[in-house]
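Just so we're aligned: 9 in the working numbering is position 9 of the sequence shown, and the numbers increase by one with no gaps anywhere.
FYI, nobody ran anything at the bench for these hints, they're computed from the structure.
Yeah, the Cβ is synthetic: ideal placement off N, Cα and C, and Gly gets one too.
No false leads were mixed into what you were given.
Calculated cross-link-like contacts (lysine-lysine; reagent style DSBU-like; alpha-carbon spacing at most 30 Å):
1) 181 <-> 162
2) 212 <-> 85
3) 85 <-> 35
4) 212 <-> 75
5) 27 <-> 162
6) 75 <-> 35
7) 27 <-> 212
8) 85 <-> 75
9) 181 <-> 27
10) 212 <-> 35
Across the chosen pairs, the derived CB separations fall in these ranges:
11) 227 <-> 175: 55 to 63 Å
12) 175 <-> 59: 43 to 51 Å
13) 172 <-> 65: 58 to 66 Å
14) 95 <-> 184: 33 to 41 Å
15) 109 <-> 233: 40 to 48 Å
16) 135 <-> 170: 31 to 39 Å
17) 179 <-> 95: 33 to 41 Å
18) 229 <-> 77: 44 to 52 Å
19) 217 <-> 87: 23 to 31 Å
20) 77 <-> 176: 40 to 48 Å
21) 136 <-> 189: 23 to 31 Å
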Amino acid sequence: MKKLIVMLFALLPSLAMAAGPSVPLDKAGNDLTDKASLQRGAQTFMNYCFGCHATQYQRYERVATDLGIPAALMKEHMIFDPEAKIGDLMVNAIPTEYAAASFGAPAPDLTMVARVRGSDWLYTYLRSFYADPSRPFGVNNVVFPSVGMPHVLEELQGVPTKVYETRLIDGEEVQEYVGIKSDGTGELNDDEYDEAVRDLVNFLEYSAEPMKLERQRLGYWVMGFIVVFFVLTLLLKKEYWRDVH
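All chains should be modelled from the sequences, with the hints used to inform the complete structure.
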């Protein structure tokens with residue numbers, strides 16, 4: 001028993017780190033049935049994320065088919081490697097050693113990131129970058145402090161900064177963090193940027209489980225079969241025991 005208690009105390013620091021910062025997460029509100037959103041998210045991913053992050057467990061052709069993108073358009077606008085074929089895995093060209101030297105660690109594959117982190121975490125994370133001159137890339141992140149990647153969507157959002165409000169707590173003025181605000185130099189306004197991030201996260205949720213909608217649809221059929229089978233079993237049981245008093 002004493003050994004168990006000691007082990008639990010030893011694990012507390014690692015558990016605290018795994019929990020991450022206590023930042024309220026915004027709801028992504030994804031809709032995997034929205035093909036237009038998924039197509040826009042795929043385009044954003046390929047243009048802004050794919051240079052460093054691969055989704056090596058899915059293929060261009062499968063993505064094009066699932067998202068309703070003609071193969072010709074997929075090849076023209078979303079396959080940047082001239083030697084890649086439509087049936088190839090979606091592997092980027094950045095060498096692992098170069099990525100590790102540039103960012104401190106190899107850029108992780110994002111095929112399953114939505115299942116690992118959760119869609120709400122991704123949605124909040126991508127909207128929580130802020131300017132921080134002390135960091136190597138000039139940005140930090142509220143959800144992921146000391147983040148090791150640049151704000152690749154800054155072109156769309158503009159330069160984001162932390163916003164604070166002065167509040168009285170126990171008679172003292174305290175600066176309290178209330179959110180992120182862009183300087184307005186991006187291509188999109190705040191609402192448009194949030195929508196672009198939602199589309200991107202929607203695509204990453206699809207990537208993590210392309211069969212999710214089909215699995216849910218089959219689940220309804222299975223539950224319906226179980227209900228019908230249960231009713232038939234109940235009627236059969238009554239028929240067998242009808243003459244037993």
